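Residue numbers for the sequence shown follow full-length UniProt numbering, beginning at 1 and rising by one.
Among the clues, some could well be false.
[To be verified] Cut-off 25 angstroms, straight-line C-alpha distance, at most; resulting in silico cross-link-like pairs (DSS-like, lysine-lysine):
hint	residue 1	residue 2
1	Lys-193	Lys-101
2	Lys-112	Lys-101
3	Lys-119	Lys-101
4	Lys-409	Lys-398
In short, the hints are calculated from the structure, not lab data.
Just so we're clear, the structure is a prediction, and the values are computed from it rather than from any experiment.
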Amino acid sequence: MSIPHLFRCPISLDIFTDPVTLCTGQTYDRPCIERWLAAGHRTCPVTMQPLGDATVLVPNRTLRHLIESWLSTDQHHHLPEPAAAADAEADAEEPSLAALKRCLQQPDAAGKVKVGALKKVMTLASESDVGRACMVQLGFLPVLLQLVFHAPPPPQSERRGEAAVEELALQCALSLMPSSADSPQLGCLNVLKSEASLASLVGLLERGRGRTRAGLCRLLETVATAAATRELALVVAASPRVWQALVPLLQHDGPPTPTPPDAHASDAAVRAVAAICASEPARGSAIHHGAVGALLGHLSRAASGKCGGAVPSALAAVEALSASEAGRRAVARAPGGMRALVRHVFMMNSSNDGSEHAVAALLAVCRESRAARSEAAGAGVVTQLLLLLQSQCGARAKAKARSLLKLLKSM
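Given only the sequences and the hints, what does the whole structure look like? Please build it.
Written out as structure tokens, the structure is:
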């Protein structure tokens, strides 16, 4: 794929996704120039002219239109040869992005044909940054999300083939998802505002395989943090069905279920819950649906070495939920909850990234409950705090540790 040099950002050298022009007349891709400015630079990267206070980014609509016109022409978008794993039917398809998109949009296309097309999308996304940018510009993300969150669900006899399409489409969508939370392209996730699409997501969380569940949790984490999905984040946080599907995923070795979550899905669910609970309006629903007990259970298992890839996120979520009276009560009442937090104040053979969150949550709960203070002391919190103070942890963690020691001394 030969891209005209004028269509490439001079910083990233990739095709423009959102071209904007500085006062110097130079055009850059918005995410690239925003990172440059955020780093404190006040010069034009190409000309090195000082910008002063003139850092207004003007959308270059003409260039964007030219790129979109160029992208919409089939002859420019030939794919590289698919990986050897791609089946014969996929090999035979016309190798152009526009043809690939049309194939995925055909409602009557056979599942095998769509799987082949999705494998080609995954190949291009994994092998070429340019190809990934082109597919984003050509609108592949909404098409892929439509394949994941279709409605109504297919008959049971077609479920296996449809599940393969859903899982592959989800992985393709995740591979194309912009990394910047400010990207306008993430607005395509607002398809989940539809009741049918949200119900489809819940159904996949409940019945999907581990990889599918983990991917959906990544999507929910993105929804909770993206600027383009703020309204959707509130809808998700207020949905009882979402919480009823998400909270059980935090406990991958909990009570038997028809499709128990694996460790990867459990860790992804922890990160999704932490991202959702970063917003104060979401916390009441999280507490009501048992997120506090499930997170503390996850931390207890992590302390025993049964899981732990998302411990800092779990501790951050518990700290956020402990900001409310209901959250503090839930922590104090959870069986083994205080002990789980104490064990994460300081852990040998650990980076202790979440120590500050653990101490902050303990401090919030212990301030209001003498029983909680007694339980924390009985679990060895004083020793843990002293070890933390002797470690290389940050100043804020040490300040909170001293506050908690002072509180316990007053018992």
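Checked hints:
1. Lys-193 - Lys-101: holds (24 angstroms)
2. Lys-112 - Lys-101: Roughly 15 angstroms separates the two Cα atoms, so the pair holds.
3. Lys-119 - Lys-101: The given pair, whose Cα atoms are some 13 angstroms apart, holds under the 25 angstroms limit.
4. Lys-409 - Lys-398: holds (16 angstroms)
In terms of the numbered hints stated before, the structure departs from none.
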